[in-house]
Amino acid sequence: MHIGLFIPCYIDAFFPDVGIATLELLERLGHDVEYPRDQTCCGQPMANSGFNAECADTEALFVRNFSGFDCIVAPSGSCVHHVRDKFDALEQTPAVTAVRARTYELVEFLHDIVKVDAFPWARFPHRVGLHNSCGTLRGLKHAAPSELHEPFFSKPMDLLSKVAGIEFVTPARPDECCGFGGTFSVFEEGVSAKMGRDKVSDHARAGAEYIVSADSSCLMHQQGCAERIGVPIKFIHIAQILNGASA
Amino acid sequence: MSARQHQTEAQPSMLHPELCASDDPDAIVRDGRRLDHAEGASKPLRPKPEKQPRGALIRGNRPVNQAEAAARFIAAPEHEKMHDERLWDLRQKRDREMHGIPEWEELRSLASAIKEHTLAHLDTYLEEFEVHATATGVHVHWARDAAEHNRIVHGILRDHGARSLIKSKSMLTEECGFRHYMASVGIDVIETDLGERIQQLDNEDPSHVVVPAVHKLRTDVAQVFARTLDTDPDNSDVHYLAERQREANRPLILAADAGMTGANFAVAETGTFAVCTNEGNADLSANVPKLHIASIGIEKVIPRLEHLAVFIRLLSRSALGSPITQYTSHFRGPRAGGEMHVVLVDNGRSERLGMAEFWTSLKCIRCGACMNTCPVYRRSGGLSYGATYSGPIGLIIDPTFNARKYSNLPFASTLNGSCSNVCPVKINIHEQIYAWRRVLVERHEVPLAKKAAMKAAGALLSRPAAYRAAIAAADTALAHLPRFVVYNGLNAWGKHREVPHPPKQTFHSWYQANRGARS
Chain A
154 MHIGLFIPCY IDAFFPDVGI ATLELLERLG HDVEYPRDQT CCGQPMANSG FNAECADTEA
214 LFVRNFSGFD CIVAPSGSCV HHVRDKFDAL EQTPAVTAVR ARTYELVEFL HDIVKVDAFP
274 WARFPHRVGL HNSCGTLRGL KHAAPSELHE PFFSKPMDLL SKVAGIEFVT PARPDECCGF
334 GGTFSVFEEG VSAKMGRDKV SDHARAGAEY IVSADSSCLM HQQGCAERIG VPIKFIHIAQ
394 ILNGASA
Chain B
62 MSARQHQTEA QPSMLHPELC ASDDPDAIVR DGRRLDHAEG ASKPLRPKPE KQPRGALIRG
122 NRPVNQAEAA ARFIAAPEHE KMHDERLWDL RQKRDREMHG IPEWEELRSL ASAIKEHTLA
182 HLDTYLEEFE VHATATGVHV HWARDAAEHN RIVHGILRDH GARSLIKSKS MLTEECGFRH
242 YMASVGIDVI ETDLGERIQQ LDNEDPSHVV VPAVHKLRTD VAQVFARTLD TDPDNSDVHY
302 LAERQREANR PLILAADAGM TGANFAVAET GTFAVCTNEG NADLSANVPK LHIASIGIEK
362 VIPRLEHLAV FIRLLSRSAL GSPITQYTSH FRGPRAGGEM HVVLVDNGRS ERLGMAEFWT
422 SLKCIRCGAC MNTCPVYRRS GGLSYGATYS GPIGLIIDPT FNARKYSNLP FASTLNGSCS
482 NVCPVKINIH EQIYAWRRVL VERHEVPLAK KAAMKAAGAL LSRPAAYRAA IAAADTALAH
542 LPRFVVYNGL NAWGKHREVP HPPKQTFHSW YQANRGARS
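So the protein sequences, as listed, match chains A and B.
Numbering-wise, the first sequence is residues 154 to 400 according to my numbering.
Numbering-wise, the second sequence is residues 62 to 580 according to my numbering.
For the record, the hints were derived by calculation from the structure and aren't laboratory data.
Mixed in with the good hints, there may be bad ones.
Here's a subset of chain A near chain B, in silico, CB distances under 10 Å, partners left out [unchecked claim]:
1. 154
2. 173
3. 182
4. 186
5. 255
6. 291
7. 335
8. 339
9. 340
10. 349
11. 358
12. 362
13. 363
14. 376
Here are some of the chain B residues that sit facing chain A, going by a computed Cβ distance under 10 Å [to be verified]:
15. 131
16. 390
17. 393
18. 481
As the structure is a computational prediction, the values presented were derived from the model and not from experiment.
We put the CB at the ideal spot given by N, CA and C, even for glycine.
Please model the complete structure; the sequences and the hints are all you need to start from.
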């Protein structure tokens with residue numbers, strides 16, 4: 154499969170290892186992966202703030218960069234949620250709708266599209282708490298949210314369960330938002346940081362050594378909160394564990 | 062069994078943990094029973110209780126600064142912790158009740174469909190309600206807005222020479238500024254819901270649609286009652302406080318000239334309405350005086366009596382995690398010798414019904430489930446919103462009343478979507494919050510600085526070369542800036558969080574170096 158690799162702006166700038174792990178993992182699975190050099194962002198920061206008109210040029214650039222691939226894959230739930238479910242500043246031409254429909258978040262791509270059944274290279278002998286970002290949980294429906302009466306399922310848990318040595322811990326409020334929320338994190342920094350402190354403390358009380366997530370933005374915020382209050386917990390993106398990171 | 066155990070087990074599980082005070086080490090227990098009168102509960106000196114944080118500062122029509130009020134709430138950790146845990150407890154109880162109903166999701170869909178159908182034919186059902194209610198002897202009035210509602214009610218009271226009015230909790234009367242109006246025309250209004258009465262005595266709005274004083278610790282209530290009911294300010298024992306309030310309020314209830322209730326549901330085919338409470342106070346308000354006035358928002362109508370069953374099953378489970386409210390009272394016309402009036406109030410609802418993106422907010426049955434689950438609300442307190450409706454439902458309703466004053470509210474959300482999932486009538490609350498942000502930007506109701514920043518971001522992110530240059534600079538800057546610059550008061554990220562550790566290179570430059578030859 155010819156895959157367009159979409160590395161969102163903050164992963165590019167702050168978490169290059171997450172991008173590298175995603176690229177290597179997709180290559181290990183035998184895909185032809187290409188990273189379009191002119192990519193910047195999906196437009197989500199402006200759109201979430203209500204500035205939809207300001208997204209149009211960024212969205213047009215995104216479509217130019219990612220047209221023609223079989224699939225577009227990104228290690229970021231909230232960006233994919235934006236591209237697939239919002240992303241309407243542009244006229245919805247066939248080119249636009251094709252790019253939107255072909256854009257997948259890494260976990261759902263591995264779970265639903267290529268249906269990976271083993272990660273023989275992966276071993277992670279640690280206690281981890283899973284953080285489903287709200288974009289993946291309630292937007293992309295990676296897992297059954299606790300508010301709904303439906304059978305339990307969890308795509309990230311399914312994938313991580315195939316990693317040798319991993320052990321899961323469950324925080325008291327597994328589905329509670331961590332408070333990042335894009336521009337909310339600065340617009341309402343007091344509440345945002347309090348939510349972050351509560352989130353990392355909840356995982357720490359459950360005995361997690363690591364918080365793992367499909368969204369680096371949540372992790373960036375949580376890490377900032379944990380470091381400030383001295384909660385000794387580590388953060389890792391799911392792509393890194395699935396690609397064989399050991400710590 | 063020890064006295065301690067006895068005390069703990071005797072507490073009904075639905076009691077507010079803060080109100081139970083089961084961990085009170087100073088309680089005086091004799092013969093296995095706790096002494097709750099003033100003498101028995103008197104305590105040795107203890108540290109001064111944390112002061113209650115007050116709500117948002119209201120400055121006329123200027124945008125309410127919810128973030129500022131929320132920060133003050135968080136700065137009162139005892140209040141914030143109690144509030145968060147108390148409401149999270151309600152959410153968990155709601156989940157347990159939900160799991161006891163196999164057809165829960167079907168019920169939600171049904172409730173949503175009934176409401177959408179009714180709203181699409183609202184005129185027909187309202188007229189049907191009027192015809193049937195009138196046939197049972199009810200006087201039906203129509204109020205276009207809050208002012209007309211208040212005038213109508215005042216007129217009814219004046220016709221009866223009424224000087225005092227007891228009422229049960231009603232968010233609609235909060236919308237109408239009813240108590241203030243009544244005070245201005247010299248009529249005493251006495252709230253009969255305990256939480257609402259606490260708020261009335263404290264001259265504060267309700268902070269939650271179901272549990273109006275949930276943001277208060279019992280020590281706060283002790284201060285309010287000491288000021289208004291002459292109780293011992295150092296005695297925050299809940300039994301003592303509740304009893305003193307009851308002693309003070311009951312004579313007022315018995316002597317009242319008129320009673321008022323809201324309504325949870327009004328049934329078109331019967332012309333009747335139902336009021337759900339846990340204290341039975343609506344029954345007191347409606348049945349003690351001979352005159353009963355019910356103020357009902359026009360969106361409360363449902364077509365048939367059988368539809369009521371759907372909503373009754375959902376309401377209290379969603380609100381408090383109890384199968385049903387203690388009292389579900391059906392009012393089917395005036396008592397012999399009594400008089401009943403219904404005031405059907407629009408107050409902006411028709412206008413909302415015409416808003417393509419927001420009309421389904423009228424499905425709301427005021428259960429408060431979205432507030433209980435909202436991580437922002439739980440940590441901010443309902444009064445931080447500075448509006449009649451707080452929490453997620455408030456974010457989408459309040460701007461319909463005043464888009465400028467409440468222009469900040471739709472931004473007080475992480476868009477996490479939990480509110481939409483718990484909503485018993487399936488309002489897409491978080492999508493409407495998102496839609497409101499667009500509307501507010503289009504109407505220029507956002508700060509100019511934000512607009513400038515977003516315009517600049519849009520320009521930068523659509524120009525790859527400029528963007529690359531900026532990212533490189535930001536990286537370098539972050540790596541070399543001293544902490545005091547990054548963590549100054551203007552840096553909202555760094556105030557309570559560390560900034561991310563800048564890596565040696567971006568992914569882009571790594572790719573260039575490691576895969577560059579391929580493309």
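Hint by hint, here is what the structure shows:
Checking residue 154 of chain A against chain B: minimum C-beta separation of about 16 Å lies over 10 Å; hint violated. For residue 173 of chain A, the interface hint holds, since its Cβ comes within 10 Å of a Cβ in chain B; the closest pair sits about 6 Å apart. With 10 Å as the threshold, the beta carbon of residue 182 of chain A stays out of range of chain B, its nearest partner Cβ sitting at about 17 Å, so the hint is violated. The beta carbon of residue 186 of chain A comes within 9 Å of a beta carbon in chain B, closer than 10 Å, and the hint placing it at the interface holds.
Because the smallest distance between the Cβ of residue 255 of chain A and any Cβ of chain B comes to about 19 Å, over 10 Å, the interface hint for this residue is violated. The interface hint given for residue 291 of chain A holds, since its Cβ lies 4 Å from the closest Cβ of chain B, which is under the 10 Å cut-off. With its C-beta approaching chain B no nearer than about 8 Å, residue 335 of chain A sits inside the 10 Å limit, and its interface hint holds. Because the closest C-beta pair between residue 339 of chain A and chain B is about 4 Å apart, less than 10 Å, the hint holds.
Checking residue 340 of chain A against chain B by beta carbon gives a least distance of about 6 Å; that is within 10 Å, so the hint holds. About 7 Å separates the beta-carbon of residue 349 of chain A from the nearest beta-carbon of chain B, less than 10 Å, and the hint is met. The beta carbon of residue 358 of chain A comes no nearer than 14 Å to any beta carbon in chain B, farther than 10 Å, and the hint placing it at the interface is violated. Annotation: interface hint on residue 362 of chain A violated; nearest CB of chain B at approximately 19 Å, more than 10 Å.
Interface hint status for residue 363 of chain A: violated, as the beta-carbon distance to the closest one in chain B is roughly 17 Å, over 10 Å. The interface hint given for residue 376 of chain A is met, as the beta carbon of that residue sits about 7 Å from the closest beta carbon of chain B, less than 10 Å. Because the smallest distance between the Cβ of residue 131 of chain B and any Cβ of chain A comes to about 5 Å, under 10 Å, the interface hint for this residue holds. For residue 390 of chain B, the interface hint is violated, since its Cβ never comes within 10 Å of a Cβ in chain A; the closest pair sits about 29 Å apart.
Interface restraint check for residue 393 of chain B: the shortest CB-CB distance to chain A comes to about 34 Å, outside 10 Å, so the restraint is violated. Proximity of residue 481 of chain B to chain A holds as hinted, the smallest CB-CB distance being about 8 Å (cut-off 10 Å).
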